[in-house]
Amino acid sequence: MVFKLNNQLLSKIATGNGHGEDSPYFDGWKAYDEDPYHPTKNPKGVIQMGLAENQLCFDLIQEWLKNNPKASICTPEGAEEFRDIAIFQDYHGLPEFRNAVAKFMAKGRGNRVTFDPDRIVMSGGATGAHEMVAFCLADPGEAFLVPTPYYPGFDRDLRWRTGVQLIPVECESSNQFKVTRKALEDAYDTAQLDNIRVKGLLITNPSNPLGTILDRETLKSIVSFVNEKNIHLVCDEIYAATVFSQPDFVSISEIIEEEVECNLDLIHIVYSLSKDMGFPGFRVGIIYSYNDAVVSCARKMSSFGLVSSQTQHLIASMLSDDEFVEKFIMQNKKRLATRYSSFTNGLAQVGIKCLKTSNAGLFVWMDLRRLLKEQTVEGEIALWRVIINNVKLNVSPGSSFRCTEPGWFRVCFANMDDQTMEVALSRIKTFILKSKEAKMSVKKLCWQGSLKLSFSSRIYDEIISPHSPIPIRLSFEPELEPV
Amino acid sequence: MVSGGQLLSKIATNEGHGENSPYFDGWKAYDRNPFHPTDNPDGVIQMGLAENQLSFDLIRDWIKQNPEASICTVDGVHKFKDTANFQDYHGLPEFRKAIAKFMGMVRGGRVTFDPDRVVMGGGATGANELIMFCLADHGDAFLVPTPYYPAFDRDLTWRTGVQIIPVDSCSSNKFQVTKNALEAAYDRAQGAGINVKGLIIANPSNPLGTVLERETLKDLVSFINERNIHLVVDEIYAATIFSSSSFISVAEIIEEMDCNRNLIHIVYSLSKDMGLPGFRVGIVYSYNDEVVRCGRKMSSFGLVSSQTQYLLARMLSDEEFVKNFLAESSRRLNKRHSMFTKGLEQVRINCLKGNAGLYVWMDLHHLLKEPTFDGEMTLWRVIIDQVRLNVSPGCSFHCKEPGWFRVCFANMDDQTVEAALKRIRAFVCKGKEDHQEMPTKNKQRWQRNLRLSFSARRFEEGVKSPHVMSPHSPIPHSPLVRAK
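From first to last, the protein sequence lines are chains U and G.
The opening residue of the first sequence carries number 1 in our numbering; numbering runs sequentially from there.
The opening residue of the second sequence carries number 1 in our numbering; numbering runs sequentially from there.
With the rest of the complex left out, here is chain G (with noise of 0.2 Å):
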């Protein structure tokens, strides 16, 4: 009989779900020891996960108030059977119009979007994949600036067979995206023989947190449309600026220039905006004709659900719902950016400086044993097993500097961030302790050794802690289960 590695296919046994990296391993830590401020206060805290969870109080109390939305309450069932036997492709007309005017307001009116062109996907991750169904054949590639979302290499590559090629970015101009190296990152694939098809770049970026300036962004869109190749921009932290300062969607930087639209795409969720990411609600907007016509036939592999667009299309029709909810929702996390960054900065822990996300870039070069990725590893270890926050790693977003840390701020309440902050306190303090009370003819090999027996102590009492599985899943589950 033919072995088991045969009888799938190359894409299933392959590694390209992405899950196989060490990065996994501050989730494993998280679902073997969660933190509870009371059952658990030792725990480690979940700072790996982009959530925007400071805002479902005005939710809440917009359902309350609204109960025809739902299509199980008293007020709204007469709709149950309509909507639960609707699978048009199309999308409810009316959750197209609301999810075109709700892009519209977190623009701030700057721009209109025609709710013809909006086309449904598994969330952002199926509408990642989507549109590089639609834009590219197998062995194509796509350029990506770093650092970038780990789960681009699962949702643009895995089963479409795109390549990926990143395009760096340094520090030293705050990691932003230069024409010199995205020329440089498309002459040598071209040189390579590989049809480089498009770029894709997210804007506000994850992870670092900063948007794109008018002049980049007019300067990718001469890039790619000299080239005659596309241009994909994932807009899914568009609402979460929370600064003065305005983003600027591609949707106003095209309305300004000189562009061939056929290759300008937008993809958009509802998960980091509006912090509903279970509700799977992915969007492609594209200005090419074709495109949103094949994406919409695609569109059946990951539909929303009728339950949930009739849900949405009610609440994010209502203007004045949508501006407060934007308003306060924003206002929030510059609240609490600033409550974190301050707390760090007590400690001489510098951040990139952002104004959008529901993270921020840190930066941790100075704590390095070694400026290498195995010294950004060992560190991150550290910070798991010890000062137990599950943080993210630079280097799982392809970034090209060691020392940078992803920590998100939004998906939990103030105390918990109190806590975080006192362990990061508490960890740089210490550490600075330690480095001043050794003799410096010792110190390396002391460093050494307190490295090791340091980390082995701590992992030891970390593995012999109590098992306590999240509430949320008995399962342990793997990181990639809850994306970005």
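Chain U with its partners taken away, still in its complex shape (with noise of 0.2 Å):
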């Protein structure tokens, strides 16, 4: 039987690219699972820094849980629950997920917000809040504002199957990358003259992947903003307990409380237990909204992908011992700050900055710029897979959360041990102190033109790495010829 080639057999969906994993930026990825770390079995492996993921506090969890085995339905002292729990599928969620859930959401922001818990929405994760959340606010071809740099995942989240658009609010590393309300009235007078209807802005905050948090004056500035365009504001606050350093985090939540008038069905959070708490396995995510019509419609749409009961009644549990949840906080911040304060330090004995208002989240903001070959784009990718093949740490480049700035690097560090971390430096240094004297190596010999072209092409040759299939382009040997 022939059967007939047709292009179209699947949707437009699902052969566009809106996926976003075609972007260069997943060769980091792809160079870690061929080659990955291992301080023992492959110490000379890709070491990954571009998961920003928490692993910091899991002694204490695991502590908990020995202590706790009613919190699982699958221990002896549980598996009473068992039954209830497996057929429980009521997309309001556990009553005590909730109410765990909202306090655990005041107590991260300090106890100076309560959280309702009618208002708490289960979602598939944050990747699931974000698509719920603009299903429910925006009809395809309307856009959502995003400052940059932001999370690439934001992408596909917000767009892929819902045919919303986002338009970047530009920042810039001269104001430590703070959206200004000028960027924002230029992003959105942009889309009126394209015939785009903006439907709200988004932000991220803490910042991924900036690490920073906005202060009072941005926040209020940004929720006028709002209020006068008649748009709406989410706010993925999906890092507030990793604040590790002052100032303190603010929350959405404690603005709107405040003074500044505002029309709360324009006021959406999204959050999760993927960071703060280190379980991304978990799809924990939660869309927490004022607009009673929102929380009715996504609550109806979270059938899509409710949180495993099982993990509810875990998360319930945990999340209502306070004792524990204030101990896991309190250690948590100051994990995360003596590992900021000693990776930093580590890039700044060879003068590798980050951005210095960073406060917040399990990466830095290194600023590379001044490595580039040249200031662009190009400049970046090629220091990048430098970095992947001769480093060997899969770092991500700034121009896959859209930066405007070429050479910024966002470098996750709370998903490795001390260990991993200080190999991770020291091959830092070394590549750091490798460049100064290869530079130094090179205005010796005396030669500006041609040299320094075949040097640069002799590096950026393209060879084939051992380790990939895939042709990558960096070699980082230096084989200087004498003029």
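Don't read these hints as lab results, they were simulated from the structure.
Hints may be right or wrong, so weigh each one.
To be verified - With a straight-line Cα cutoff of 20 Å, these simulated EDC-like cross-link-like pairs (lysine to aspartate or glutamate) come out:
#, chain 1, residue 1, chain 2, residue 2
1, U, Lys66, G, Glu213
2, U, Lys70, G, Glu68
3, U, Lys334, U, Asp248
4, U, Lys70, G, Glu213
5, G, Lys79, U, Asp417
6, G, Lys10, U, Asp248
7, U, Lys66, G, Asp82
8, U, Lys392, U, Asp27
9, G, Lys81, U, Glu63
10, U, Lys44, U, Asp59
11, G, Lys174, G, Glu226
12, U, Lys333, U, Glu81
13, G, Lys81, U, Asp59
14, G, Lys79, U, Asp248
15, G, Lys297, U, Glu63
16, U, Lys66, G, Asp75
17, G, Lys64, U, Glu185
18, G, Lys81, U, Asp418
19, G, Lys10, U, Glu77
20, U, Lys220, U, Glu185
21, G, Lys64, U, Asp27
22, G, Lys79, G, Glu68
23, U, Lys103, U, Glu228
24, G, Lys179, G, Glu226
25, U, Lys229, U, Asp189
26, G, Lys400, G, Asp374
27, G, Lys174, G, Glu401
Take the two lone chains, each set in its own frame, and fit them into one complex as the hints suggest.
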């Protein structure tokens, strides 16, 4: 039987690249997958620094689990609840789960605000939450403003299946990448001119990838902006409890309780336990909306991505334990602060700076602009490939976050132990020192034109790395030819 | 200021969630007055929920004997960190292997499944939506034989923009889907400029409780092959088959006939076969590599919790347990089905002859005052308010003929089944008595009045009864809360 070929067998969504995985950004991941670092088995492998995971406090969790067997429906103590939990598929979620999450959200904000459990809606991780919010607030073709640099997954989460657009609001290093009113207005006006209807603004606070928090004035300005334009404000606060040093985190929930006049129907928070608790595998995404219609609609939609009742049960138990939660939050901050400090001090020793206003998140925003051969995206990618293939660190280039200035890199530090971090630092130091040496040797030979060219091309020649079948462009073994 | 209506999306403000149908009054009645054998013996018995609660003891025993299956026990906690961290959309390899093996065992080992084709979805709800996003554009259509699971309207169309084209079936041939009906529906749609992308069918059927015969399955495969459209088979009730006739999966059929496998996809779940709806284990199994690739990326929106993947990987890898579970679950469902249908037969209530599922498809058209859907709704309200059973009226399944009701029997214990049967018997017998007492010429007038006054009185009583909330959710929840 001859089968018709049909290019349109699948949907446009399926055959397009809205999933976002075709970007060169993923080469770093492939390099890691093919050659993953292990302290003993593969000490020369690629160290994963592209994953914003929080692995610093699992010991506390494990200890809690041992002391609280009833939190699980699989222990002898908890098994009597197995049946009731296993059949529970109510999209309101277990009441104790909602109560516990509301309480945890408050504690993560220093108890400066309270959250209403009835406004808590579940989703398939923060990934599912963002998509769900987009489905609730915008029609296909409509747009959200998003300050750059932003989490690459937004392109997929907010746009892929929804048909919603993202309009970048450009932020610059000259003012620490702050979101300015002017930038917001410019982006909004540009959209209007292009006949694109802006439905909202999405901010991530604390920021990924910057690791900074929004100050009170900026938040108020943002609230007044959205109110004026009558557009939504979606605040992704999934890093709220990773703020490890002053100033304190200010949640949008605090701003709207204060002086600012605000239509609460415009305000929504996306939350998750993936970063604050380190549980990305558990897919605990939360939408918290001040708009009743959104809560009602999102709740119905949450059927597409409810949290496993087994997990709801565990989380409910864990996060209801006030003493544990307080201790965890405090330790989490402390360990993040220590790790951040060690890492940035190590970097500073070889003259590498990170965004100085960062005080949150699981990563640094590293400034490598002066290492670029050319101040362009191509220059950034070229440097990035050197870092992956020669320094053997998977870091994330700023262009993947749509940063408008080349040379910035997000480097994660909380998904590894101290030893691995030391190894990473030592590799970075070696690389920087070598590159300084190379620069000095080159200067000594007194050429300007042709050798520099051949030096560059030698470095940037395309070779096939023994580790990956994908042609990777860089080798950093300077073989200088004397003039 | 622009009003709230335009503030939200069209999807948020339309009725695509499907919850505004009168169908949900039954749920409200249950929530307000739920049956409890001792605390509220006159309450509404929930027979509108297709849940499999008959074999939890087997699962509980297994869990007790296998503490390392949990990442929270002393035996398993060393795996907590790696598992909690694991968000790879490929899923835990051992989970995929276990699911593939389980699916094979459910089909009696007659086919094997490739773990690399197993893609996660947020329950069958998420899986059904996911496959639509992969196969159809906004405005495209899928044929769906009636009667069908009400929430398909939400799952397949709400956020996807895909349309459903019902393909009607009749009781005269036991609601089987026919080639003629499919062809007619397809041609009509194409003629109207609607692009039909595929056919989706549940096998075993919800709400019929029947399985597709081999010839019918082959006809379906030929039908879609000829037109180069997709076939999605929702096999989530595969292991609920309780009589000796075997379930035939589309996976078996495509081994027997020429077929473009790129068109074949299975939706699966553990909600019915294992009785674990809370765990949100939805699966898309596609024979089309591109769909697997794309589906996998999309699964990020509804991955199965790694904690749950871990548990089920171990449970479903235990072949002996699975074998025993499937056999015992089948046996208990068969027994319950038998008990229930025999009880109904005693009062001359017949059901469609079924051999799977967690419910019967009950024929009450002889009890209708008028053979219309209004008549069906009226009878249904009587059943809810007076007989105090939440059953599901056929119109909510888009059944073309009034008078059919889906009645679930596997979400309760034997005593509750008896209580339900007793009430049904009482209702039917009273109806007969009342009917016999009245002289014919007054009957119509009496019936009209009685219907109204009978209903009104009982309804008032229902409203006045004590406000008892379900122990599970203090918030009166909408019925699509608990799907199916």
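Hints versus structure:
1. U:Lys66 to G:Glu213: 52 Å, violated
2. U:Lys70 to G:Glu68: The given pair, whose Cα atoms are some 16 Å apart, holds under the 20 Å limit.
3. U:Lys334 to U:Asp248: With a Cα-Cα distance of about 14 Å, the restraint between U:Lys334 and U:Asp248 holds, given a limit of 20 Å.
4. U:Lys70 to G:Glu213: 47 Å, violated
5. G:Lys79 to U:Asp417: 17 Å, holds
6. G:Lys10 to U:Asp248: This hinted pair is violated, its Cα atoms lying about 39 Å apart.
7. U:Lys66 to G:Asp82: It holds: about 17 Å lies between the C-alpha atoms, which stays within 20 Å.
8. U:Lys392 to U:Asp27: 13 Å, holds
9. G:Lys81 to U:Glu63: Holds - the C-alpha atoms of U:Glu63 and G:Lys81 are around 12 Å apart, at most 20 Å.
10. U:Lys44 to U:Asp59: Between U:Lys44 and U:Asp59 the Cα gap is close to 27 Å, so the pair fails against 20 Å, i.e. violated.
11. G:Lys174 to G:Glu226: 26 Å, violated
12. U:Lys333 to U:Glu81: Judged against 20 Å, a Cα distance of about 34 Å means the pair is violated.
13. G:Lys81 to U:Asp59: Answer holds: G:Lys81 to U:Asp59 is near 9 Å, not above 20 Å.
14. G:Lys79 to U:Asp248: 34 Å, violated
15. G:Lys297 to U:Glu63: Violated. G:Lys297 to U:Glu63 sits at ~35 Å, over the 20 Å cutoff.
16. U:Lys66 to G:Asp75: 10 Å, holds
17. G:Lys64 to U:Glu185: Distance of about 61 Å is beyond 20 Å: violated.
18. G:Lys81 to U:Asp418: 17 Å, holds
19. G:Lys10 to U:Glu77: 47 Å, violated
20. U:Lys220 to U:Glu185: Holds. U:Lys220 to U:Glu185 sits at ~15 Å (cutoff 20 Å).
21. G:Lys64 to U:Asp27: 45 Å, violated
22. G:Lys79 to G:Glu68: 9 Å, holds
23. U:Lys103 to U:Glu228: 32 Å, violated
24. G:Lys179 to G:Glu226: 12 Å, holds
25. U:Lys229 to U:Asp189: Given that 20 Å is the threshold and the Cα spacing comes to 11 Å, the pair holds.
26. G:Lys400 to G:Asp374: 13 Å, holds
27. G:Lys174 to G:Glu401: Within the cut-off at roughly 12 Å; holds.
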